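Residue numbers (the working numbering), protein chains in the order written: chain A, 1 to 336; chain B, 337 to 672; chain C, 673 to 1084; chain D, 1085 to 1496.
Restricting the straight-line Cα-Cα distance to at most 27 Å, the calculated cross-link-like pairs of lysine-lysine (DSS-like) are:
id, chain 1, residue 1, chain 2, residue 2
1, A, K187, D, K1183
2, D, K1496, A, K187
3, C, K771, B, K523
4, C, K1084, B, K523
5, A, K215, A, K265
6, C, K848, C, K754
7, D, K1260, D, K1166
8, C, K1044, C, K848
9, D, K1439, D, K1158
10, B, K551, B, K523
11, B, K339, B, K551
12, C, K754, C, K1027
Simulated from the structure, these hints should not be mistaken for laboratory data.
These numbers come from a predicted model, not from an experiment.
Spelled out, the chains give:
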Amino acid sequence: MAKMNMIAALNSALDLQLQRDPNVVIFGEDVGYFGGVFRVTAGLQEAHGAHRVFDSPLAEGGIAAVAFGMGINGLRPVMEIQFADYIFPAYDQIVNEMAKLRHRSGGEFWTPVTIRTPAGGGIRGGHHHSQSPEAQFTHTPGLKVVYCSNPYNAKGLLTSAIECNDPVVFFEPKRCYRGPFYGDPHKVPTWNSHPDGEVPEDYYSIPLEQARIVKEGGACTVIAWGTMVHVAEEAIRQSNVDAELIDLQTLLPWDRDTVVESVRKTGRCVIVHEAPKTSGFGAEMSASIQERCFWHLEAPIERVTGWDTPFPHTTEWDYLPSPGRIAEAIARTQEA
Amino acid sequence: MAKMNMIAALNSALDLQLQRDPNVVIFGEDVGYFGGVFRVTAGLQEAHGAHRVFDSPLAEGGIAAVAFGMGINGLRPVMEIQFADYIFPAYDQIVNEMAKLRHRSGGEFWTPVTIRTPAGGGIRGGHHHSQSPEAQFTHTPGLKVVYCSNPYNAKGLLTSAIECNDPVVFFEPKRCYRGPFYGDPHKVPTWNSHPDGEVPEDYYSIPLEQARIVKEGGACTVIAWGTMVHVAEEAIRQSNVDAELIDLQTLLPWDRDTVVESVRKTGRCVIVHEAPKTSGFGAEMSASIQERCFWHLEAPIERVTGWDTPFPHTTEWDYLPSPGRIAEAIARTQEA
Amino acid sequence: MPERLTVSEAPYTIGIPPFRPGEKADFGGGFAEQPGDLNRPEVTCTAQDTATHAVGLIRVLDDEHVASGEWDPKLDEETLLKGLEHMMRLRIFDDRMIKMQRTGLLSFYMRSYGEEAIAIAQTMALEEQDWLFPSYRQPGAQFVRGRDMVSMICHCIGNTEDNVRGRQMPVHYTWKEGRFISISSPVGTQFPQAVGVAMASAYRGLDEVCISWLGDGTSAQGDFHYAVNFASTFKPPVILNVVNNQWAISTHANLATGGRTFAERGLAYDIPSFRVDGNDFLALYAVTKWARDRASAGLGPTFIEVYTYRAGAHSSSDDPSAYRPQDEFECWPGGDPIDRLKGHLIGRGLWDEDKHTELTERIDAEVMAAYKEACTFGDLANGPYPPASTIFTEVYEEVPWHVQEQREELGK
Amino acid sequence: MPERLTVSEAPYTIGIPPFRPGEKADFGGGFAEQPGDLNRPEVTCTAQDTATHAVGLIRVLDDEHVASGEWDPKLDEETLLKGLEHMMRLRIFDDRMIKMQRTGLLSFYMRSYGEEAIAIAQTMALEEQDWLFPSYRQPGAQFVRGRDMVSMICHCIGNTEDNVRGRQMPVHYTWKEGRFISISSPVGTQFPQAVGVAMASAYRGLDEVCISWLGDGTSAQGDFHYAVNFASTFKPPVILNVVNNQWAISTHANLATGGRTFAERGLAYDIPSFRVDGNDFLALYAVTKWARDRASAGLGPTFIEVYTYRAGAHSSSDDPSAYRPQDEFECWPGGDPIDRLKGHLIGRGLWDEDKHTELTERIDAEVMAAYKEACTFGDLANGPYPPASTIFTEVYEEVPWHVQEQREELGK
Ligand SMILES: Cc1ncc(C[n+]2csc(CCOP(=O)(O)OP(=O)(O)O)c2C)c(N)n1
Ligand SMILES: Cc1ncc(C[n+]2csc(CCOP(=O)(O)OP(=O)(O)O)c2C)c(N)n1
Ligand SMILES: [Mg+2]
Ligand SMILES: [Mg+2]
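Just chain A, same shape as in the assembly (with noise of 0.2 Å):
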């Protein structure tokens, strides 16, 4: 075991599975020499050659198009867009062909193609560099779709995701690279005093489709994904519930067992996350849940998301659900 925080987890799976699979490449925008502008590949390019990890144009279109071909003729491309707020120009490419490819070919095709790409906000980044645009690939059948929290289950996922021969869009809570996040911007925390940030040298996975139960409870079950498990976690502490706090980590296909067992036993939920609202993933829990639990909720599901407006800037801590209102939300599904 090491410490390690999320953007030395995320390098140690890429080093391992570039070792392991000859045919692991992985390129982006200054991901070679530079070693990526948040240093998730940094040594790489040294440790592997030019050919193996490299700069590519700026284009994440291009970016997406090239590792989809690579996928085809037996690599498995490992690329980076830069921030998720750039993998627009990307989209056609991802939704209408890397997602369509083994269904359209009668499985005569495929590409296992793996997209690392920072998300979310926290960081200052307004309109373009804090979005968590996963509900827009959620609605896209052939992909999937993981979201990490923290060191542990970066590596073990993004190992996961290099393995697995469908595409998958890998989204890395860039607020949490260096330490996870409690919705107060003053208290900086380390990796390194957090059981999540204790990693293995060593290869090994977690599957995807598979939630985490963070925290067990009786009274409700909160779900949230990426920087949004550690500011509910705090939530939980703040609103003196017994909920029980589920860290999705794959959120396509999602874990039904888990959720469903949950939400049964406490017969409410808070489902929490940074994109805005309408349409948010959350919509989807929300309907799936009310259609599984039904007979069995005591109150309204409630989600706490950010707004349905662009991502502000010198306002980001009044956008981003904090503890406070996460908290909120807990105690009203107590109070049905």
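Keeping the supplied structure of chain A fixed, place chains B, C and D with the ligands upon it in accordance with the hints.
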């Protein structure tokens, strides 16, 4: 009043707007001389000149970007995306640019673009001529999203969309261009004998943000848009349940009062759309209704949707929600 | 280089096509460019050594069907006859499919009419292990690689034997064995993907070139730029073709580009770039062979503008008489690729009208037989179709729970 | 035309920059290109008349700061001094902002260091009614148009007087009055948008040219291709600049393009295309004036490669010593744009070191005063900020019910 199919009605709306506002320009792939592959812009170039109605290069991203720029500088561009499936190369320009311009510039700049696009299945279009990607736009604050369902509302809503100072994505259910579709591909009625095929030749508009109650009823609220409005109507007929049918018309922002009032009255709700279930706009409707009508609900809110797979070609009738599947869902809501 | 026509210079320019319905299509005689005009550089040349090739037109067959010049690939009789046969097969096949479409046995169809030489000559110039990444206008490549015609028709019908399992529209072939990569409807997406395929070949140390095609209209897409720029940057063994058949549905290239040849765009990225007579089997073969040799030598991509004419409708949904003179193709100086190769063979005494008629009849019978056999696996009007369960399979490598639930809900 | 460097030809090519940290940056002397090398064609010329201009380098000031050649715009003293002053203002302003960023008063900053001539000379060559559609590297244009510095700093702070209302990161200026269109972070999106702005000007019969800029790295985006192709097709009054400062964050242009100049890409679309010394105020002014005259005459777009060097870090988040030699800028032959204009003015007896020092001090004071005044409206560390209610306004023209509900939920 005249008899019009949806193509003629849309054409009439465009023609009138070209007449009324010298700043309206129309462009897109094949929309100029030829009048569009679905003939929606037929005759408009001849009537209004090649600088107002013209063919563009085959590049949806470029079309959207150019429309954006025209809109900043005083024009009111109406751009066509030939099939909604091909809107994704323009996705970045729409969700990152158009949607955020007013906000990001402190209200200094905005762009009143209307994006017309034929959507939905039922024409044997397979993967890429059948998708209904409305949900992928409803998650984007700053956009308005409209989905017409018949000639009358097509003309009235398009008129409002063009006059709207916010960017509007306007979906046209291509399966209903020439007639309503009740779920049976072998029966091909025309708009001729349908009351909503009666369309004033003169100018009129239907406000965005207003749903339409197609049929009143007390036992269940059925919510649909586009082609599914007619399929749902047929399902209600077959179900023998006194259901209320709401044609949502505008999805973002949707008509809260009409929907909430209806579900509070009926206590039961079925939402129908063609797009895949997961993270479809039905998820948002279900989640929102559950939040607002929890104590009135007598049964789980049902979603009847396309499957979580790409859209098929030969088996499309097994993909699209059928009157039978919808009727079953309505029946299930009555059992509880 | 062709001249561009425009209606007016104010307020902004709107291009016009050479002719509209009702006008007489008059191209003023044959091509100015003749065989022998352009040299055949070494494959080790620089991109700039092809500067004249990017504005000129590489031809081997002249207007009398005589081959000449440095680009003459000097193909043997067997190869030439194979080429002719494949082109004839493609045309007859297309005609049969269109008839099937008209009678409701297919939902849709797209012919290669007038462009038969392209995929056929180019694929014949490649090696078997090379990857084909086509648009919908290059199905003919499959004949070269020996694909079973019955299987092709079954796909177009979308019946129980469709290897695409009825999921995509007709003409969206996929054929792994022939390294013919699944066709997708969104135009142009395959171009940069092909660059990725070629990079993987290079990475794996394989002598496997990848060839891709897109249309004049499609070259306006971002994907075009990605392909050319990534190819220029990483120099993998890829052959990028812009098939300039002058029309994109109803939009003439004059309306959607501001002049210069398409080939010159490749030059600007330092890629050797050729403009080639797309109805000249020999010229196409020769240029593609050159590109393959260069790629195989590790020298990277070649960019080719294939200059041709879309002789037929865009697709079975299109009626071009609405936007161009009906006799435009006949008036266009490029001729018919089949007639031109046939004329060449006859001129060389390798072929005659009787043989041609006989071969036509033989292929006719072959196509009829294939068509009938394919229909035994179902036709669009009457089925049987792939079972509804095919909706749910191969979405992922394994069927996830939510897709499985839905399959059970459908209960088929 | 510069040569391209690569590590290897197999399996595929990976480019390398001229130098990496630890290496000596040695560019082998000054530019080969000299003032007077290239003629100044009539604005009515064809694109191909600029073929040499697209591979060469238009310069007016030589290495001794002497102006010569047909491109010398022969500007009057006042204009030259204004240009110098604006460039100095921009540099001093940038330095102050970076200091503010280092002390936590700004969240982020991007300097124009080494590239001050570009937006300033080009905007000075335009008319007041012309539209500016910049990337984040052209804020200097605002000084030319007389924007209040306090207002610019308020934006960068995101305080109560920020006209962007704290919604975007610093340097994402918008200034309608100055026709300086809102800057957006996704790189390149403004390029084809600018074509639309120009088409609208033309449509409305207005003599309003639109100018836009993007970077060498950004030219790989689809949006670049859309802009050039739509401009080439519709020929509106637009000036499209690729600012080739050789670096895109850590990625040297050699790693992301396959050679040839950026200017040649415009030529391939039949747009007059120039490669210009981006640190030469006079050359920039002259070429932009030429482009404006052409656009204004209804002759359509001009494409410009502005060849320069990103002297500073990419942004306040970047440390270039990780990927290039720290003295690379000093070794690069293009020089410093301020030094070069200053040298020219001194050479002509219009300026001297004392005046320069005096002006520096005056601007210093001006910037200090503006900075202090701006901080009275709030700084990032201490506020006040725009109220939280600004999150909900201007998302739409009117606040819709769901946004209103959320505003009430936040209760601020
Ligand atoms: C992204 C996208 N936009 C639009 C279409 C609709 N469409 C299909 S083919 C076509 C024209 C293509 O013209 P061109 O590239 O010249 O190829 P050709 O048909 O002439 O072979 C269009 C607009 C599409 N399939 N994909
Ligand atoms: C679409 C998009 N992708 C990635 C980024 C991140 N990014 C910001 S600036 C930049 C480099 C731009 O380089 P260049 O175009 O050369 O402009 P320069 O910074 O040199 O002026 C990158 C990759 C972005 N802002 N937008
Ligand atoms: Mg074409
Ligand atoms: Mg740069």
